[in-house]
Amino acid sequence: MEQNELLTSMVMELRRGTLVLSVLCSLDRPMYGYSLLSELSGHGIPVETNTLYPLLRRLESQGLLESEWNTEESKPRKYYKITQFGSEIREKLKDYWRKTAESMSEIMGDQ
Amino acid sequence: MTNNELIDRYVYAVSAQLPGSIRNDVDKELRTAISDMLDERCDGMTPSENDVKVVLTELGDPSELALKYDPRGERWLIGPKYYRSYFKVLTIVLIANTCALILAGIVSAMAGESSGAWYSIAAEWLNNIWNTALAVFAVVTIVFAVLEYKKVNIGSNGDLMNLPPVPEKNEKISRVDSIIGIFVGAIILVVFLFAPQWVGLGVMNLPDGGSRFVSLFNVPVVKDLWFLFVVSFGASIANDCFKLIVARYNIKVAIVNAVCEAVTIIMSAFILLRSDIVNPQISELVSELDVAPEDVEVVSGIFSHLNVLIFGLIAVFGLISIVVTTVKGIKYSKAAK
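Going down the list, the protein sequences come from chains A and B.
Under my numbering, the first residue of the first sequence is numbered 1, with each subsequent residue one higher.
Under my numbering, the first residue of the second sequence is numbered 1, with each subsequent residue one higher.
Incorrect hints may have been included.
Claimed, not checked - The calculated DSSO-like cross-link candidates involving lysine-lysine, where the alpha carbons are at most 30 Å apart (straight line), are: (1) B:Lys-68 - A:Lys-92; (2) B:Lys-68 - A:Lys-81; (3) B:Lys-68 - A:Lys-94; (4) B:Lys-328 - B:Lys-252; (5) A:Lys-75 - B:Lys-28; (6) B:Lys-81 - B:Lys-150; (7) B:Lys-169 - B:Lys-68; (8) B:Lys-151 - B:Lys-68; (9) B:Lys-81 - B:Lys-172; (10) A:Lys-81 - B:Lys-28; (11) B:Lys-169 - B:Lys-252; (12) B:Lys-150 - B:Lys-252; (13) A:Lys-75 - B:Lys-169; (14) B:Lys-252 - A:Lys-75; (15) B:Lys-252 - B:Lys-81; (16) B:Lys-150 - B:Lys-172; (17) B:Lys-334 - B:Lys-172; (18) B:Lys-223 - B:Lys-53.
None of these hints come from the bench; they were simulated from the model.
Same shape as in the complex, but just chain B (with noise of 0.2 Å):
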């Protein structure tokens, strides 16, 4: 290579990793330098490639160089002021998803729900673990990404002399309630997505002698519908994210749990209250059990109904833990100020 083509690449190097507007100034400025440097080291004689080499080394990486002109400064895709958030939340979700697709894979293997070869199974089930770790790798990495670039505030707002107060007691959220809560989340969406037969009612001496147990939901539905459930328990786990990391009452955690806990509501109300969500033979179950006559009709009401029942449970507490959130985070905004 001539000194003239390892003088234009090194040039070149430095120059396009800059903002248009400096590109051609340093181009040149960096030339003269170069040829400055070499005319200093060589004292009128022609520049060997050693030479040159010399002087490039020097001028060091070309990465670097750019970096000290780089008018923007150091820019991250998660800086250090997330970056502890960042890895707190991620660690924990990875974790948690992991765990739930290894639970899955056991359910579905104990439910006889896969066929096949063991190593294609096992295969199949090392490939579902690794592309979901991807997938939550992805979106816990954009959303901060998206906090960084935007420079939003998650902690305290700068002004030191306005810091918020440290937490009473009850203003604390529990760490170990929200990562329970995100286990717990995890879990059961991993029962609902790969075994949803699985959640059902089990009855011992039944007047036959026997005992059975049959699935509570209409399972092939369950499996049309694994979205709304994805979507559901998503906000869930999102809520208790959020959580997590601000730690304590505000008025954003307020808001976040009143959306999220809005969300599980409307997508439970979009999958329980379906008429063809409860398993038939719930029914045929009931007819089994041996009830005095006169409750019949009451038990047998109760059991075709539980769709209703376990919807109303799920909005009762998600209403609940909306008003409660939204009342602590105002007193605790107001506290704070």
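Just chain A, with the same shape it has in the complex (with noise of 0.2 Å):
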């Protein structure tokens, strides 16, 4: 494998660990899909739609996100939202993250 490929291959498995926590602090307030992804790239953290849209269905069915279709506007659109649970199970990952980084950062001779 080129060079080039072999580390966008390993950012891309990077980028995956953190997806999930991304989303789960996006949702305080209600969003579709598209303007998800939108926010997301907006912060710097690019998410494919073919990744973001079956995430946040996967999010849905294990209980961390619920959605509600809207038809009032021009097009059918779902929003999701994060739950008690999912709000729960995100201040743990959070506190994982923060220990993960500064190992991370240790390991990496940052300190």
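If you follow the hints, you should be able to join the two separate chains into one complex; please do so.
If you want it as structure tokens, here you go:
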């Protein structure tokens, strides 16, 4: 595999792990798939449509998100919002993330 | 094609692969997503066919997208857990089967069974090999697909603290023995199916100075009973396949072995305990042998009851195998606990 290809696949692997937490942190207010996609990419977290939409559905089936169809706008949109259970999981994930980030900084020699 | 038609086809290609419970929901959501993507890309202008193409390409292959949406996750006909056993059994059984059929072709050609031009014989031979290979492939695949579907445990039971102990020397079932068993079973079956006249007695130095070969069995009867032979040897081959996979004595092996041996014994009884199974020419052969007059009765008695003797041997060895395998199965299953 070429160096670039290898790097791309590793970066994707890293991003995949952070995606769930990014989504959970963005859904305190209801959002539909495409608006969430724009918001995340505005924060420098690019996600592919074909990854985000199925992910939202999976998180909903796991009880972390809840959804509601809004048919009042010009197009029918499914809005997702974090649940109570989702918030609890999110807080724990945040803690893990901070600890991991600290350890990573240490291991990478930043401190 | 219009843009709407392109989108309809794409969305249908995805949703048609999903379970009914989420199909409509995904359909609606996906349409809005595509529409949003087009809006952003075209910024208020009417999207061209090329715009639609770019957006659909970004969404990717419909089957891959459907897989991501599918709550049942990845499903397999035969998944990675069973694949190695499947491949091993399939390879050995296919090779044994093909070798046996090649042998059958040679045997029946030598026996002068085939008539017609050589190329039509060869074509029929290849056709037989191909058809049987397909049947074997289908049976092995169906068996493993059922194991996969039912998630049957053929290895450990998933409890890492309770894995089966490393087998003792006598606990292992030799793979070589199992493979030899499969090959021998397949070859004998083929001989009975294609050239039963080859199973017989050869006697040299008859009193008249000549030598003679006489078939042991009544060939037309054996050919009529082909199905019993297939079941009997099929059970024996299945038994060896199972031993090959499990490769150690345990209760499962003991049960499968008992069932298969019982089938073999019962089928042998149906075949061998018929009064017309022994070739009548055998008794003529006895009369030509140079036997002392006082022994004639014994010798002709043995020859006229050869079928019963052979059945007796099969039954005794079968029963011994059942007892030994059951005892070992129980012993090593207890040791495992």
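Lys-68 (chain B) and Lys-94 (chain A) were given as a pair; does the straight-line alpha-carbon distance stay at or below 30 Å?
Distance ~26 Å between Lys-68 (chain B) and Lys-94 (chain A) Cα, so the pair holds.
Is it true that the CA of Lys-252 (chain B) sits at most 30 Å from the CA of Lys-81 (chain B)?
holds, 19 Å
Agreement of Lys-68 (chain B) and Lys-92 (chain A) with the hint, judged by alpha carbon distance not exceeding 30 Å:
holds, 26 Å
Are Lys-81 (chain A) and Lys-28 (chain B) close enough, with their CA atoms no more than 30 Å apart?
The hint holds at about 19 Å.
Does Lys-151 (chain B) pair with Lys-68 (chain B) here, judged by a C-alpha cut-off of 30 Å?
holds, 23 Å
Lys-334 (chain B) paired with Lys-172 (chain B) [C-alpha distance capped at 30 Å]:
Holds: Lys-334 (chain B) and Lys-172 (chain B) sit about 15 Å apart, inside 30 Å.
Is it true that the CA of Lys-75 (chain A) sits at most 30 Å from the CA of Lys-28 (chain B)?
OK: Lys-75 (chain A) and Lys-28 (chain B) at ~9 Å, within 30 Å.
30 Å limit on alpha-carbon distance, applied to hinted pair Lys-150 (chain B) and Lys-252 (chain B)
holds, 17 Å
Verify the proposed pairing of Lys-169 (chain B) with Lys-252 (chain B), using a straight-line Cα cut of 30 Å.
holds, 19 Å
Below or equal to 30 Å on CA atoms is what counts here, so check Lys-68 (chain B) against Lys-81 (chain A).
Holds, at roughly 21 Å.
Would the pair Lys-81 (chain B) and Lys-172 (chain B) pass a check requiring their Cα atoms to be no farther apart than 30 Å?
Given pair Lys-81 (chain B), Lys-172 (chain B) holds - Cα atoms ~22 Å apart, limit 30 Å.
Verify the proposed pairing of Lys-75 (chain A) with Lys-169 (chain B), using a straight-line Cα cut of 30 Å.
Violated - the C-alpha atoms of Lys-169 (chain B) and Lys-75 (chain A) are around 71 Å apart, more than 30 Å.
Going through the hint list in order, the structure does not satisfy hints 7, 13, 14 and 18.
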